[in-house]
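Protein sequences appear in the order of chains E and G. Heads up: the first sequence begins at 17 in the working numbering, then just goes up one per residue. Heads up: the second sequence begins at 17 in the working numbering, then just goes up one per residue.
These aren't lab readings, by the way, just hints derived from the structure by calculation. Predicted, not measured: the structure shown is a model, and the values here were computed from it. Any given hint could turn out to be false.
Identical copies look the same in the list; a pair holds intra-copy or inter-copy alike.
[Claimed, not checked] Mimicking DSBU-like on lysine-lysine, the simulated pairs with C-alpha atoms at most 35 Å apart in a straight line are: (1) 347 x 64; (2) 272 x 155; (3) 208 x 347; (4) 347 x 92; (5) 283 x 341; (6) 64 x 208; (7) 208 x 283; (8) 283 x 156; (9) 22 x 272.
Each chain, written out:
Number of protein chains: 2
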Amino acid sequence: MPELRKDPVTSRWVIIATERGKRPSDFGAEPERKRTGFCPFCPGNENKTPPEVLAYRTGGGAPNGSGWHVRVVPNKFPALQIEGEGNRQGDGMYDKMNGIGAHEVVIETPEHGETLASMSERRVEDVLWAFRDRILDLKKDQRFRYILVFKNHGEAAGASLEHPHSQLIATPIIPKRVHEELEGAKEYYNYKERCVFCDIIRQEVNQGVRLISENEDFVALAPFAARFPFETWILPRAHDPFFEDAQKHEYVSLSKITRELLLRIEKVLTNPPYNLMIHNSPLRETDGRHYHWHIEVLPKLTRVAGFEWGSGFYINPTPPEDAAKFLRDAKV
Amino acid sequence: MPELRKDPVTSRWVIIATERGKRPSDFGAEPERKRTGFCPFCPGNENKTPPEVLAYRTGGGAPNGSGWHVRVVPNKFPALQIEGEGNRQGDGMYDKMNGIGAHEVVIETPEHGETLASMSERRVEDVLWAFRDRILDLKKDQRFRYILVFKNHGEAAGASLEHPHSQLIATPIIPKRVHEELEGAKEYYNYKERCVFCDIIRQEVNQGVRLISENEDFVALAPFAARFPFETWILPRAHDPFFEDAQKHEYVSLSKITRELLLRIEKVLTNPPYNLMIHNSPLRETDGRHYHWHIEVLPKLTRVAGFEWGSGFYINPTPPEDAAKFLRDAKV
Chain E
17 MPELRKDPVT SRWVIIATER GKRPSDFGAE PERKRTGFCP FCPGNENKTP
67 PEVLAYRTGG GAPNGSGWHV RVVPNKFPAL QIEGEGNRQG DGMYDKMNGI
117 GAHEVVIETP EHGETLASMS ERRVEDVLWA FRDRILDLKK DQRFRYILVF
167 KNHGEAAGAS LEHPHSQLIA TPIIPKRVHE ELEGAKEYYN YKERCVFCDI
217 IRQEVNQGVR LISENEDFVA LAPFAARFPF ETWILPRAHD PFFEDAQKHE
267 YVSLSKITRE LLLRIEKVLT NPPYNLMIHN SPLRETDGRH YHWHIEVLPK
317 LTRVAGFEWG SGFYINPTPP EDAAKFLRDA KV
Chain G
17 MPELRKDPVT SRWVIIATER GKRPSDFGAE PERKRTGFCP FCPGNENKTP
67 PEVLAYRTGG GAPNGSGWHV RVVPNKFPAL QIEGEGNRQG DGMYDKMNGI
117 GAHEVVIETP EHGETLASMS ERRVEDVLWA FRDRILDLKK DQRFRYILVF
167 KNHGEAAGAS LEHPHSQLIA TPIIPKRVHE ELEGAKEYYN YKERCVFCDI
217 IRQEVNQGVR LISENEDFVA LAPFAARFPF ETWILPRAHD PFFEDAQKHE
267 YVSLSKITRE LLLRIEKVLT NPPYNLMIHN SPLRETDGRH YHWHIEVLPK
317 LTRVAGFEWG SGFYINPTPP EDAAKFLRDA KV
């Protein structure tokens with residue numbers, strides 16, 4: 017069972033893998049796929065993953081067989097374990113608990129060589145529906161307080177398998193970064209009686225200099241205080257705390273703007289590695305007025321170094337206005 | 017002039033390079049030294065750096081000539097600019113200010129091929145004295161509120177030059193990560209009426225499982241809630257908020273334990289890239305009872321990916337108890 021431990025200074029929780037802990041010689045080893053050429057996510061290899069928890073099969077077909085176009089399976093090497101209770105306890109001055117949670121993989125397409133940018137809008141939309149369906153299902157489990165949906169694209173962004181996939185981790189605590197955003201949004205709301213994200217959208221659409229693209233339901237922009245070069249956010253125009261509560265037409269619009277944004281990034285930056293995260297409200301403990309779900313895309317172009325680790329202060333070598341212009345002007 | 021911008025949600029400041037902003041084609045280009053083989057930090061090339069602000073020359077010699085064994089120069093491409101005033105202002109809902117600050121490079125040795133681990137203790141001690149002397153000098157400038165001393169070792173840790181060096185950045189605001197640590201330490205103090213770091217040292221010395229080494233003035237340990245595999249901290253036994261106020265005998269002890277810890281890391285992990293940061297109190301606004309300066313060393317063995325960026329929640333594949341044992345048992 018992995019262990020959750022809390023740093024007594026910053027109250028940041030970490031997940032410590034207590035079983036099969038990595039030894040010094042395990043770092044820097046080649047990932048398995050490079051050695052074997054085998055892909056467990058390709059059709060025909062369904063029995064190489066744990067049994068699926070969800071799949072969309074337009075033409076029908078049996079579970080764990082082929083014919084799917086989106087397939088969700090538990091992670092074979094989960095960061096958190098689904099069975100058990102939290103069992104919070106002390107260890108002298110420290111706090112810890114069992115590493116319970118869910119860790120699932122959303123296999124976005126049967127095609128090994130595709131990307132979210134090259135897939136059809138309809139297929140990208142189905143990936144969004146899969147995120148929604150899994151969030152709604154896991155939300156029923158009262159042990160979980162937060163679900164993070166994220167995607168690592170490319171080895172430098174942390175992807176250990178090439179086949180297009182996203183991940184979903186349900187945690188028994190509210191992560192620090194999420195808590196910070198919630199608190200910040202709440203503070204702004206308490207002062208202004210307006211949602212900070214709604215205000216951002218209003219100013220950005222008005223100024224236009226950091227806007228990348230927009231459609232009827234969403235805007236894509238480079239944030240004013242971007243930490244990384246070409247960092248981009250996608251925000252729904254309508255205030256909504258929960259991704260999973262979006263309207264059907266919003267998933268259609270979101271698939272369009274997401275696919276298009278990733279295509280712009282792929283073009284301008286020559287298919288860079290990136291991380292994509294859905295910033296969502298906690299499952300239950302939230303006041304819907306403060307928070308506004310959105311997506312953040314972080315291309316991995318620079319290295320996070322000592323200054324950033326020591327200060328939490330980022331140095332961004334590309335002004336977001338320049339990044340927005342490059343992305344906006346890309347022919348897609 | 018670089019610009020400091022504040023994220024309206026999380027209140028995190030970032031440094032935006034507004035001049036010579038990096039374009040898409042600038043990322044992934046080979047660093048200059050690889051192309052030219054030239055090192056501006058080697059003796060004989062003193063005129064290739066801005067004029068020195070400090071140097072130790074045991075045998076004497078003129079400024080900006082050879083004969084030095086530690087040399088501090090302004091960074092030729094500073095993240096923040098030394099001249100000017102903050103000039104805080106709004107931009108609609110956003111906040112920004114001029115990117116003023118200091119950015120200096122501490123060239124740790126004239127020998128291009130050495131490392132802090134291979135240098136003599138006496139030479140490592142001189143590097144610490146240089147940190148102290150520069151902090152004390154920059155502290156006089158009332159525009160600055162924090163100074164971060166850090167080191168990037170190896171290209172994957174963000175070092176753009178190979179020649180052993182550290183950096184020092186003075187900022188006109190207190191960075192978010194520092195603020196978080198200070199607030200956390202304060203909260204603990206208010207509840208317990210004891211310093212959280214003093215308590216950590218007490219429990220770790222007592223339990224021993226995460227202890228790596230110790231001497232009369234310092235302990236080196238793997239923290240209970242380590243974010244990264246083989247993350248290690250060096251803490252002074254005596255409570256002190258300021259690195260620059262340490263006693264002479266403490267710099268001697270610190271040079272010993274630091275050099276030895278880096279040697280252990282080099283041995284166990286085969287000279288890994290790493291970041292080293294001095295976590296220090298803000299220059300003035302601090303209540304000395306809460307905070308306890310220390311050093312953090314983060315070997316770069318894993319990639320920070322979507323889950324970490326989206327949640328601030330780290331997955332550490334090596335229990336700190338295992339990491340401590342490997343490092344403790346290393347023959348140095």
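Checked hints:
1. In this assembly of identical chains, the alpha carbons of residue 347 and residue 64 never lie at most 35 Å apart, being 40 Å within a copy and 43 Å across copies at closest.
2. Taking CA atoms no more than 35 Å apart as the test, residue 272 paired with residue 155 passes inside one copy only; the shortest distance there is 27 Å, against 52 Å between copies.
3. For the homomeric pair residue 208 and residue 347, neither the shortest alpha-carbon distance inside one copy (39 Å) nor that between copies (60 Å) is at most 35 Å.
4. For a Cα distance limit of 35 Å, the shortest separation of residue 347 from residue 92 qualifies neither inside one copy, at 40 Å, nor across copies, at 37 Å.
5. Taking the shortest alpha-carbon separations for residue 283 and residue 341, only the intra-copy value of 13 Å comes in at or below 35 Å, while the best inter-copy value is 47 Å.
6. Taking CA atoms no more than 35 Å apart as the test, residue 64 paired with residue 208 passes in neither setting, with 53 Å inside one copy and 52 Å between copies.
7. Taking identical chains as interchangeable, the C-alpha atoms of residue 208 and residue 283 are never at most 35 Å apart, the minima being 39 Å within one chain and 55 Å between chains.
8. Neither within a single protomer nor between protomers do residue 283 and residue 156 lie at most 35 Å apart by alpha-carbon distance, with minima of 40 Å and 49 Å respectively.
9. For a Cα distance limit of 35 Å, the shortest separation of residue 22 from residue 272 across copies, 30 Å, qualifies, whereas the shortest one inside one copy, 40 Å, does not.
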